[in-house]
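Engineer: One letter stands for each residue in the lines below.
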Amino acid sequence: MEVSIWIFLLLSVLKVAVVTVILLTAVAYTVLLERKVVGRIQNRWGPSRVGPFGLLQPLADGIKLFLKEDLIPESVYRPLFILAPIIALSCALMSISMIPFGPDVHYKGVQLFQISDVNIGLLILLGITSVGVYGIALSGWSSNNKYSLLGALRASAQVISYELALGLSLVGVVLRSQSLRLRDIVDVQSTHGMASWNIFGGLQIIGFFVYLTAAYAETNRTPFDLPEAESELTAGYHTEYSSMKFAMFFMAEYANMITVGCVATLLFLGGWSSPFGHLLPDFGGPIVQAILPIFWFVAKVFFFLFLYIWVRGTLPRFRYDQLMSFGWKFLVPVAILNIIATSLWLAFRAS
Amino acid sequence: MHLVLFFIFGGLCVAGALNLLLQRHPINSALSLIVVMSSLAVLYLLLGAEFLAAAQVIVYSGAIMVLFTFVIMLLNAGREDRTHGSKAAYALGFPGAAILVSLLAYIFLSNSRELGSAELGAYIVSTGDLSNVLFRDLLLPFEVTSVLILVAILGAVALARKEEN
Numbered sequence: 001m002e003v004s005i006w007i008f009l010l011l012s013v014l015k016v017a018v019v020t021v022i023l024l025t026a027v028a029y030t031v032l033l034e035r036k037v038v039g040r041i042q043n044r045w046g047p048s049r050v051g052p053f054g055l056l057q058p059l060a061d062g063i064k065l066f067l068k069e070d071l072i073p074e075s076v077y078r079p080l081f082i083l084a085p086i087i088a089l090s091c092a093l094m095s096i097s098m099i100p101f102g103p104d105v106h107y108k109g110v111q112l113f114q115i116s117d118v119n120i121g122l123l124i125l126l127g128i129t130s131v132g133v134y135g136i137a138l139s140g141w142s143s144n145n146k147y148s149l150l151g152a153l154r155a156s157a158q159v160i161s162y163e164l165a166l167g168l169s170l171v172g173v174v175l176r177s178q179s180l181r182l183r184d185i186v187d188v189q190s191t192h193g194m195a196s197w198n199i200f201g202g203l204q205i206i207g208f209f210v211y212l213t214a215a216y217a218e219t220n221r222t223p224f225d226l227p228e229a230e231s232e233l234t235a236g237y238h239t240e241y242s243s244m245k246f247a248m249f250f251m252a253e254y255a256n257m258i259t260v261g262c263v264a265t266l267l268f269l270g271g272w273s274s275p276f277g278h279l280l281p282d283f284g285g286p287i288v289q290a291i292l293p294i295f296w297f298v299a300k301v302f303f304f305l306f307l308y309i310w311v312r313g314t315l316p317r318f319r320y321d322q323l324m325s326f327g328w329k330f331l332v333p334v335a336i337l338n339i340i341a342t343s344l345w346l347a348f349r350a351s
Numbered sequence: 001m002h003l004v005l006f007f008i009f010g011g012l013c014v015a016g017a018l019n020l021l022l023q024r025h026p027i028n029s030a031l032s033l034i035v036v037m038s039s040l041a042v043l044y045l046l047l048g049a050e051f052l053a054a055a056q057v058i059v060y061s062g063a064i065m066v067l068f069t070f071v072i073m074l075l076n077a078g079r080e081d082r083t084h085g086s087k088a089a090y091a092l093g094f095p096g097a098a099i100l101v102s103l104l105a106y107i108f109l110s111n112s113r114e115l116g117s118a119e120l121g122a123y124i125v126s127t128g129d130l131s132n133v134l135f136r137d138l139l140l141p142f143e144v145t146s147v148l149i150l151v152a153i154l155g156a157v158a159l160a161r162k163e164e165n
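As you go down the protein sequences, you meet chains X and E in turn. For what it's worth, our numbering labels the leading residue of the first sequence as 1, then goes sequentially. For what it's worth, our numbering labels the leading residue of the second sequence as 1, then goes sequentially.
Simulated from the structure, these hints should not be mistaken for lab results. Ideal Cβ positions, reconstructed from N, Cα and C, are used throughout, including at glycine. Treat the hints with care, since some could be wrong.
As the list claims (entries may be wrong) - Here are the computed distance ranges between Cβ atoms for each label pair:
1) X:PHE302 with E:ILE107: 54 to 60 angstroms
2) E:PRO141 with X:LEU337: 49 to 55 angstroms
3) E:ARG161 with X:PHE302: 29 to 35 angstroms
4) X:LYS146 with E:LEU159: 24 to 30 angstroms
5) E:ASN111 with X:VAL105: 43 to 49 angstroms
6) E:VAL14 with X:LEU337: 43 to 49 angstroms
7) E:LEU139 with X:LYS329: 25 to 31 angstroms
8) X:LEU346 with E:PHE142: 18 to 24 angstroms
Claimed, not checked - Here are the computed lysine to aspartate or glutamate pairs in the DMTMM-like style, where the Cα-Cα straight-line distance is at most 25 angstroms:
9) X:LYS329 with E:GLU163
10) X:LYS36 with X:ASP70
11) E:LYS162 with X:ASP321
12) X:LYS329 with E:GLU143
13) X:LYS15 with X:ASP70
14) X:LYS15 with X:ASP187
15) X:LYS108 with X:ASP184
16) X:LYS68 with X:ASP104
Please take these sequences and the hints and turn them into a complete structure.
Structural biologist: Structure, rendered in structure tokens:
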């Protein structure tokens, strides 16, 4: 179908604007959720003073960060010092453009629930994630501070090591759906509800575990937050950053968390498909039926965000040698075994 | 559109390569190399090789260049002094490069009728087709390359191993 270029442009810009606004709001409220939940885990209240239940706290934090003085220390390498947070944030925001949020709905020939439907969406996601490391690496180096540099070195080593396990853990899913397009991967899982999700029916629970662990390491979250281990490195790679530049790193970290949640949802939990399959009768009108997939998607992503926070509140930090040996000697072999087992099973079933 | 994109990213690629040579700080050179590799990925994409483009970004711009910057940061390499270069490079290098470029241009221009062209999104390669080519038709080169890489890894381990007394 021919699509008018102007309608395409208009709708695309609109989609990008809507997704960015929702993502940044979600980032702000994930921070609040984290502070609240970690507070409860540690037997205290968390933020509760700004607005009802502390709901306006993200707004107050945002205003504070905007109004703070933007310090740039004297001996930093300025071009890279300024470029680094931009790289980190733009990579974090870019990767959300591949994510399909809902079923294949077209309006005037334009995909409604996805910014760009690419044939190799999964690979592009991996590519953007792997370029995102430069934000952290360059910020640490250009700060000219030994703590920042150590944080950046740790981050680079960690991300390179765990990227391998991350990529390998996804191969099982790709083998099953025979496509790198995220929409196809979800479609394979949407036949029988929960029973055909990759984590259960696809027998990818090991792949799911490896993916989740490697993704925690990729996003530098506890128990893998060595790049910003505050007891050893002050604040790690962003020690010298203040005001909006610090906020950009912060937003990048949480946006990456959300993207990881979206990808895990799409690859292992059947994306926007209902866990009950067709067992549930179609209730409500067409509007409810149109919103329901988005509801499932958001609910699953929320589950992953909660899991992130829960893990942070529970597990202590790895030691550096433990981190490396866990990645190389445990996750990578397990991921390879998972690939072998999945291919054997698929070959057996096909024959 | 196609041609415009080609000129933008081809230009970016050449500019990055020149910047790589002209910069005096190793980290700037490494960053220029990242620009070169990423724009090469876009050029692959323009030729319709989606998988190759993604692999280029993941492997080269992502993993290998991160290792480069890692080493530069670890050694904390400072600014390099600019040298005048060897006379042999001036005497042989520039004419050699000029001859190479003109030879390639002549070959491509004289055969331009027989050479095909590819368009962005002209054909969509499915993952299955790609694997068939990689693991069935080109199995031997693929396996030989992996053995080569394995040998390189073993060599690195042997070199880095601590001597036992």
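Engineer: Now look at each hint and say whether the structure bears it out.
Structural biologist: Each hint, compared with the structure:
Remark: the range hint 54 to 60 angstroms for PHE302 (chain X) to ILE107 (chain E) is upheld by a beta-carbon distance near 59 angstroms. The supplied range of 49 to 55 angstroms is broken by PRO141 (chain E) and LEU337 (chain X), whose beta-carbon atoms lie about 27 angstroms from each other. The beta-carbon spacing between ARG161 (chain E) and PHE302 (chain X), approximately 49 angstroms, falls outside the hinted interval of 29 to 35 angstroms. Taking the beta carbon of each, LYS146 (chain X) and LEU159 (chain E) are about 29 angstroms apart, inside 24 to 30 angstroms as hinted.
Taking 43 to 49 angstroms as the suggested C-beta distance range, the pair ASN111 (chain E) and VAL105 (chain X) conforms, at roughly 47 angstroms. Range check, VAL14 (chain E) to LEU337 (chain X): about 45 angstroms between beta-carbon atoms, so the 43 to 49 angstroms window is met. As the Cβ distance of LEU139 (chain E) to LYS329 (chain X) is approximately 30 angstroms, the hint placing it in 25 to 31 angstroms holds. A hinted range of 18 to 24 angstroms holds for the C-beta pair LEU346 (chain X) and PHE142 (chain E), which are about 20 angstroms apart.
Between the alpha carbons of LYS329 (chain X) and GLU163 (chain E) the distance comes to roughly 23 angstroms, so the proposed pair stays at or under 25 angstroms and holds. The hinted pair formed by LYS36 (chain X) and ASP70 (chain X) fails the criterion: a straight-line CA distance of about 28 angstroms is larger than 25 angstroms. Proximity of LYS162 (chain E) to ASP321 (chain X) is assessed by CA-CA distance (about 18 angstroms); at most 25 angstroms being required, the pair is judged to hold. In summary, the hint linking LYS329 (chain X) to GLU143 (chain E) is supported, as the alpha carbons are separated by about 24 angstroms, within the 25 angstroms threshold.
A distance of roughly 32 angstroms separates the Cα atoms of LYS15 (chain X) and ASP70 (chain X); the hinted pair therefore is violated under the 25 angstroms criterion. Between LYS15 (chain X) and ASP187 (chain X) the CA atoms are separated by roughly 22 angstroms; this keeps the pair inside 25 angstroms, and the hint holds. Proximity of LYS108 (chain X) to ASP184 (chain X) is assessed by CA-CA distance (about 22 angstroms); at most 25 angstroms being required, the pair is judged to hold. For the given pair, LYS68 (chain X) sits about 44 angstroms from ASP104 (chain X) by alpha-carbon distance, which is inconsistent with the 25 angstroms threshold.
Violated hints for the displayed structure, listed by number in ascending order: 2, 3, 10, 13, 16.
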